[in-house]
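Engineer: Sequence:
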Amino acid sequence: MDILSDINFALRTLIKNPKFTALTVFVMTTGLTLCIYMFSFIHGSIVAPLPFENGERIRAVGTIHNGMHYQGASFRVHDFEDLKKRVQSYEVFDAYDVATVNLSTSDRAVRYTGHYVTENFFEISEAKPLFGRLITNEDGVSGAEPVAVISHTIWQNMFAGDKNVLGKKLRINSKPTTVIGVMPDSYQFPSAGRVWMPFTTTGKGVARKDGHYVAVYGVLKGGVTDKQADAELQILMAELAESYPKLNSNTSAHVWTLQLAAMGSDTPIIILAMELAVGFILLLACINVGNLLFSRATEKGKETAIRTALGAPRIRLVMQMMWESLLICLISGVLAVLFAGLWLEVANRDVLESFPFDPPFWWNIKITQTSLIAAVVITLVTAFITGILPALKATSGDFNATLRDGTRGAQSKASGRLSKVIVISEVVLSCALLLLSTGMVYSVNQQNTIDYGTTVEDIFTASVGLPEVAYENDEKRQQYYQNLAESLLTEAEISAVSFTRALPGNGASYENIALDNVDYGKNPQYPSSSSVGVDHNYFAVMEMNLREGRLFDSRDKIDSPLTAVVTDNFVNKFFKDGDVLGKRFKFVETDKDWYTVIGVVNDVIHGQPMSYNIEKPTAFISIQQTPKRFMSVVIKTEADNAASVTGLSERVVDIALKVERDAPLYNVKTLRNSITARNAGMNFVSELFLVFAIASMVLAFSGIYGVMSNTIVQKTQEIGIRRALGADNSDIYKHFIKQGVKQLAIGLAIGLPMGVALVTMLEASSIAQGSLMLYFVIPAFISAVMLLAIYYPVQRALKMEPCAALRHE
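Note that numbering that gives the first Met the number 0 has the sequence shown beginning at 0, numbered continuously upward.
Some hints could be false.
The following label-pair restraints were derived from C-beta to C-beta distances [to be verified]:
| no. | residue 1 | residue 2 | range |
| --- | --- | --- | --- |
| 1 | K127 | D653 | 35 to 41 Å |
| 2 | A779 | Q524 | 43 to 49 Å |
| 3 | E485 | K84 | 37 to 43 Å |
Only pairs whose alpha carbons sit at most 30 Å apart, straight line, appear in this in silico DSS-like list of lysine-lysine [unchecked claim]:
| no. | residue 1 | residue 2 |
| --- | --- | --- |
| 4 | K591 | K208 |
| 5 | K168 | K585 |
| 6 | K245 | K203 |
| 7 | K585 | K575 |
| 8 | K174 | K475 |
| 9 | K174 | K668 |
| 10 | K83 | K575 |
| 11 | K657 | K167 |
Rather than coming from a laboratory, the hints here were simulated on the basis of the structure. Nothing here was measured: the structure is a model prediction, and the numbers come from that model. Backbone N, C-alpha and C define an ideal beta-carbon position, used for all residues, glycine too.
Using the sequences and the hints, build the whole thing.
Structural biologist: Here's what the structure looks like:
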């Protein structure tokens, strides 16, 4: 009955004070919503185990080359085969290949993502076909009939859902292939593949330097940790580097969960920053609500003292205050779950609309049972933190002294010290959080407005992959590109056509190079450079600037000496004296002839505009000398609206099919849209940190204002006495501002270095970027908040007549 009575008392108290209740619920709901949202997002996208029997032990294995992390097809097949013979940490250690493939029937051709897989691939992912059968190891032996398992999408789009599709033929990269199975629509392991073929890649009969690249994955043995598996790989990769220094120097490996591998190597540091931000916000909310509850308890301090003097047990008084906190947090928790659920729905929709890829199969961004359990735990812990400390503080001490302490409305020394600690804590947390959040937002904004070194407007791009069977030599490939360019230029809206291996804003091959006349020793540590193949007119189409020398022209042919045009970063890094024309280098791994530098152009950013990409040197090589099967088409267009772009896109695809029916264009989009899509992830993160910044500003202002207002209200009689003794208004303002500035200075002295340290942590991973402007603006903003939090309560107190202030309670 005591519990019900206490709950009833707490409920009546909250109902009688609707403004207080609304404020505390708002503050706590803000903190809990962000906390529950981030927990659900991180758990649903990264932490939750894969939905397989051994899902918690499935790992992706990537390489680390020249300090850069690479996932997917990043191992030479020879390296994979050597590792497979020697690794001891895995039950299964296997590989697959991922590539876009041309699928053709009698009436159409489409480019899809395909996976070349072994039998293990389907066993690990517990795959079951909709009908038909899966790939077996026998399908991959030499001389076996080409077969494929198709996705539900291909079954519907290319075969109109024909249930008699088994045994039918389609051309995959111009090779007739038999359909043996159809997968359910939901199957996406490890990513959204559309067709699966036997993995036949081996190192037999192929020079190690010419080996194909494959993606490696595995299932850890029971009891083996990621750290142990990682350490084993480091040792084995070091041995490979010793055995094959030209190919494997500066190369190591790393074990990832599939979730982290899909999200990128920067994900852990971003998640840590998010967790810190949300933790700070929840702590701010707890401090604010705890302070409000303590202020309420302080206002009733004499009542509590009287009840204690009359024999009320302390535990009963504490529980009454605790129930008030618990009710506030429970109401806030329910609202937070609702708001977080709605926010997750919006975020999920935005991800589906703006990201350039389908979400991974494990993606489950919503309020789940795990999220609800976490919400309950977080809410109860928060209720305990916000309730127990104010309750214990309010019911402790000498109640005889409480009854004697000062006059009516005066602030006790103990509560005064606590108020100062709270204000300092608010300043510390808000300063650190605002610097962290604005540093992230500022960095992403800089990335979105950066100069990539080329024009990105009025450029239309597409990708093409030529079938190996039909285009096995350089002459045939070069002829295809010439025919495609001539056909595209018949369109009135197209003013120029060029080709490149890597578009600005998209990743480029980053390779070890050897400079002429440099001895790298027995254990070489080669420098590295991006390598980008381009057509001769590429620099003009992309509006790049020639610094010195010349660009590619008719002298740079298949049978002429290899030439290269390099960027400013290349010169600054490898030829600090600036004398680069005529100098030679070669790409170590391919071990081809030397390239002679004939010109220097401005820097170009390939990949996301992080500092490690901005600073990369780049060597452009002529595709007239080394034409490749996979290329990006660059189209200069005069289409001036969305409708024109859409129409041009369709015509470009049709033109390409007339040139080669088994080589459809794909990834057809404007260069601006391509860059925007690649930056969608960081833009999403930036939006989250913008929310964090706004929440921290609201909580910090309300918290500091609440504490200062309460402090000044409790000192209303003191203000009345000072005025009665002759102090003017400016003296009163100075008195309270002086006290506030001391607390502000202490808070900034702690919070500013903390915030700078957090931003520096992100700068080390090129995630965020600090700014001297932010380091001045944020403290100035918090100082303004502090001054406003002092000014308005003092102004309100000064409006009272001194005699009224002396009678104030």
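Engineer: Hint by hint, note whether the structure agrees.
Structural biologist: Going through the hints against the structure:
1. In this structure, K127 and D653 meet the distance hint of 35 to 41 Å, their C-beta atoms being roughly 38 Å apart.
2. Checked against the hint of 43 to 49 Å, the C-beta distance between A779 and Q524 comes to roughly 47 Å, which is consistent with it.
3. A hinted range of 37 to 43 Å is violated for the C-beta pair E485 and K84, which are about 51 Å apart.
4. The hinted pair formed by K591 and K208 meets the criterion: a straight-line CA distance of about 10 Å does not exceed 30 Å.
5. Between the alpha carbons of K168 and K585 the distance comes to roughly 44 Å, so the proposed pair goes past 30 Å and is violated.
6. The straight-line distance between the Cα atoms of K245 and K203 is roughly 20 Å, inside the 30 Å bound, and the hint therefore holds.
7. Between K585 and K575 the alpha-carbon distance is near 19 Å, which keeps this suggested pair within the 30 Å criterion.
8. Among the hinted pairs, K174 with K475 is consistent with the structure: their alpha-carbon atoms are about 18 Å apart, no more than 30 Å.
9. Between K174 and K668, the direct Cα distance comes to roughly 28 Å. Compliance with the 30 Å bound is thereby established for this hinted pair.
10. Proximity of K83 to K575 is assessed by CA-CA distance (about 43 Å); at most 30 Å being required, the pair is judged violated.
11. For a cut-off of 30 Å, the pair hint linking K657 to K167 stands: about 25 Å separates their Cα positions.
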